[in-house]
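Enquirer: In case you want the letters, here they are:
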Amino acid sequence: MSHDNRNASLLQALVGLGVVALGLGLALGAISIPSAAGYAGVGPNFLPWLVSLALVGCGAFMLYEVRTGGFRHMEEGPPGEKPYWSGFVWMSAGMMVNAALITTLGFIFSCSLCFVLAARGMRNAEGQASSGLKTWIRDGVTGLLIAAPVYWLFTKFLAINLPGLTQSGWL
Amino acid sequence: MDIWNQLIQGFVTAGTPVNLLWAFVGCALGTAVGVLPGIGPATAVAMLLPITAKVDATASMIFFAGIYYGAMYGGSTTSILLNTPGETASMVTAMEGNKMAKSGRAGAALATSAIGSFVAGTIATILVTLFAPVVAEFAVKLGPPEYFMLMLLAFTTVSAVLGQSTLRGLTALFVGLALGLVGMDQITGQARYTGGVPELLDGIEIVLVAVGLFAVAEAMHAVLFEGRVVESENKMSRVTMTRDDWRRSIPAWLRGTFIGAPFGCIPAGGTEIPTFLSYAAEKKLAKGPNQAEFGTKGAIEGVAGPEAANNATVTAALIPLLTLGIPVSNTTAILLGAFQNYGIQPGPQLFTSSSALVWALIASLYIGNVMLLVLNLPLVGFWVKLLKVPKPQLYAGILIFATVGAYGMRQSAFDLFLLYAIGLLGLVMRRFNFPTAPVVVGMILGPLAEAQLRNAISIGEGSPMVFLQRPMSLTLLVIVLSVLVLPRAVKWWNTRSGAAKSG
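Protein chains in written order, with our numbering: chain A, 9 to 179; chain B, 406 to 908.
Isolated chain B, as found in the complex (with noise of 0.2 Å):
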């Protein structure tokens, strides 16, 4: 009982006014940032890191999971509604949403997308609540060698797995090793790459090149390629569901749920998976003329579905960063910043350090739910009108909240023209289809996994024999290296078979 003894305690801490107050404009503000095409959560949560310095971090923390959530929510609304999806999180709601905007149903498909986040989001959050502490128990047992092993799973899934080229996904997770190898050595103390700059030594804020890398890349890439891109919107219906809507909406949310809770427990990330795997599954699932329905019409399920596994993926994956301190995603991998601007290491003894926090942070979640609900469902056409803010003041805005984000964290003028520099090397990856999350997550995680390294090979007395004497850490890299080897045996014996087949 003690775990609802500390959720209460979470939702007295949460229900402050203050703290509601928070956690409303998170909300708000993560919706907004989620319909307006060009700007994501992760952005979003980067330009505003530098309230970490002010404002305490329950409050900060409750806001930022506010817009991580809310830009689901609002990512779902543009999909269903432009022709070009935002993020890669609701490419498949666009594929059956905006099928059922054009043939007049882009009401149901709102509602449906949205009541589908509110269930999916709920209980993913009731999983957060019942296993993270389970987790994080567990996780107090595993040593060095073993954490190392985890990161080297995220990292291997965040660059060779997710991601078309696992060349150019590793070439991303290295550079973005090398960012994160500027600065001080956390066990030494030793200065590297800082070239004598002492502002340097701290690193390079991760502010910088997240901001860098998404808004300003963002908007080069517009004004060089997308001027002539001629956008086009569904029209809007009344936001309702019919009976036979909500018939079979119910279970395709539920399914979607659990699908898509698992992948995010998992240091495997992304949400392209699992909501690829709902959309598959509900299509095979679904019969007769509703099965006829998918691409041509729009099938109800086809939306509900992906946006159930999408919302509940990205809640799960609340539980690796907290409990064991690895990130996933570009917007938690930020959200592992914003502890660290604190001085909270994410880990499995954020739980009983920090618990105050963690709980009201998860009580935050299921209030941001209900907030979200009730700004997505009612509210929807308000949303839909930033829809029609034109392109050049669209980029050009986001040009100056990108200088805020910037400039707020050291106040050196210096750091707009790095960012202007990072916007530029994000253009050239884009240009060339190099991922982004790599960079992101291998500049955070890469100092902590090479403490990790140098801590587990020192209780090897040196000797790195010690990752294959302890079965958990071995189990871990049996795993990374079927990760990175299945897949392709498993294509290697396909075309080989095929080929035998046709020869």
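The following block holds chain A by itself, in its conformation from the complex (with noise of 0.2 Å):
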């Protein structure tokens, strides 16, 4: 067995006992449902145990497919793919920070950051060079033209309440 594949076998799996203890957790919940049914003959923690022991098999199956040879009818990826987690931390910074700030510094210039962030990584993961602070700067005034008008849009027009930066809401 290749390294490739063990490796792959080992995410396979990992996947089927994900399944498993999602499955489990679900079971645990539903031990503290009642099961007051009425005349319906089946309560409030009918569907919850089905689901969890439904998923605890279908996580099980995974394993056995797993241990037989792998996932079934699998689409193959291109070969030697291999993932590129630099730009994906990029991407996870930017909807992290977005998530963290956008109540202080407002929606506007929270996604923008977030589109400077995402932009950044994708950019990476395409390879560019990055020709320093001009790259910065135009992500920074297209996320700004992106997000102003969005927000200008949704707020006045569709009236979903967005953080603008200051409480009088022009901005």
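If you're looking for bench data, these hints aren't it; they were derived computationally from the structure. Just so you know, not all the hints are guaranteed correct.
[Said to hold, decoys possible] List of simulated lysine-lysine pairs, PhoX-like, C-alpha gap at most 25 Å: (1) B:LYS793 x A:LYS142; (2) B:LYS692 x B:LYS459; (3) B:LYS507 x B:LYS689; (4) B:LYS793 x B:LYS507; (5) A:LYS164 x B:LYS459; (6) B:LYS896 x B:LYS507.
Hints given; two lone chains; assemble the complex.
Expert: Laid out in structure tokens, this is it:
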């Protein structure tokens, strides 16, 4: 078995285990749901139990598939496809920063920041030679140019509440 | 003649300047999201679900329907011009459309797919007009046992029949059902899996799950795996069709429509099967030099037929959605969510309780089709420019819109963290080939199915035998079982007889 194959089955086994764990977790929660069925014969705890058992079953079957040659009917990715983690970290950072700062920075600036970081991740993934400050500024301006009209459109026309920068609501 | 009066009334409602504007914006936005890789109609509608809080029901349903429709038109543009098909629905179009574009006939391919979509969409809308009220009238007679069986059928087809692996389809369905469990039980009001968090009593927002699974996961996948993928774009040519193109396209459109429409009507969802069937039919029916074009220079029938089938299926899928309240795809499931946001439950009563809304929606389908024809034929050059949006800006921009959808619904920054987590789930699912439609359908339809199940067993005074005692529900049960068993039995039989022959 090659290194790649072993890696793939390890990941698949983790997915299977995850599904089993989800099922067990749901079962744990189902214990505390009362079974008062009334006339219905089945109470509010019926579906939770069904779903948890089904998930444990599915997860177990996946583990069986992993042991006997891996998941069936998989689409094959392009050969030699390696995930590009550094770009992913940039993008994740963008989303996290956005979630953390949206209420303090306001929608427009927080989203622009997210835009800059996510675009940076994607640029790196594409292998673009980063041309320094100019690209950062260009991305920042593009982000603002998307986020500001979106903010204005959604809050003014569609009356969706998005946090502005100031309490007066004009920004 | 009652239908005509109501339809005319619908045209009056849909034809007000404001509603026309909504339809137009919806169609334009739909075409744009169809053209843009990485974002589809389900994502777009999901991101815009927060508008249901303020915009009135008729206007927003017209708007959403425009997006739903427009994306089908736009999707074919991408699949003909780019060498990477966007959504499954346009995969078949891509096969011949790409070949046509490579041999310098991109314009003809775009024209036949736009006009074909128009023809099929209009015929299918006529079918919706004529048959939806009839189905609704019939559906009034169905009780909880039958409804539950219909939903079971929808679950089965969406998870076990479509997609590559039944096991992963079912897993996705149960994950969706689990997400649907969170919140208050519909019948007893019992809180389930809320962990004492009051926000979770209302359940998990559909927007969050849909936007996370589709948009965020897509962006993550792009940054992880698609950075080095080089997309080549085919050259545009003038969007016209020769007399010969018309002669070959018209029958293909009609055949595609009649293959596609029935698939939309049954709760068996998915456009993969009808588009492939239509493709196979066209390939078989083509003769001489036309047949030689399949797979080489690109045959126009191979674009016209599947594209028509696709649109007919998508339009006809509104029949089960509106009359039974059963969604069979990602986008229809989210449309159902939109109805629920207004406190409207699609189902047989919809045609009586919200008849103005339904007929305005149907009328807007006719109007939308005309708008889309105009948007996609003379203006196709404009949409093609969207293909030039560089990936960094595209995906970063998608994340901004994802924020609007996720944050706009409940104004909770916590939801943005949850969005990221669901994005990760979507990424894992995509990486390991889990289908996403069962998650969304399971989450939205699950609570309804549970209520029907419990009501049905109440009717049977606590006995599940009620499902076997009523002819209609028994029939549906048999269909569900055969959908599950037959394909496997046939496969087993084939391999057995194959083995017997070779052995």
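Enquirer: Could you run down the list of hints and mark each one as holding or not?
Expert: Each hint tested on the structure:
For the suggested pair LYS793 (chain B) and LYS142 (chain A), the alpha carbons sit about 21 Å apart, so the restraint of at most 25 Å is met. Between LYS692 (chain B) and LYS459 (chain B) the CA atoms are separated by roughly 56 Å; this puts the pair beyond 25 Å, and the hint is violated. For the hint pairing LYS507 (chain B) with LYS689 (chain B), the CA-to-CA distance comes to about 23 Å; that is within 25 Å, so the pair holds. At most 25 Å may separate the alpha-carbon atoms for a hinted pair to count; LYS793 (chain B) and LYS507 (chain B) meet this at roughly 18 Å.
Note on LYS164 (chain A) and LYS459 (chain B): the hinted pairing holds, with a Cα-Cα distance of about 11 Å set against a maximum of 25 Å. At roughly 37 Å between alpha-carbon atoms, LYS896 (chain B) and LYS507 (chain B) are farther apart than 25 Å, so this suggested pair is violated.
Comparing the model with each numbered hint stated earlier shows that hints 2, 6 do not hold.
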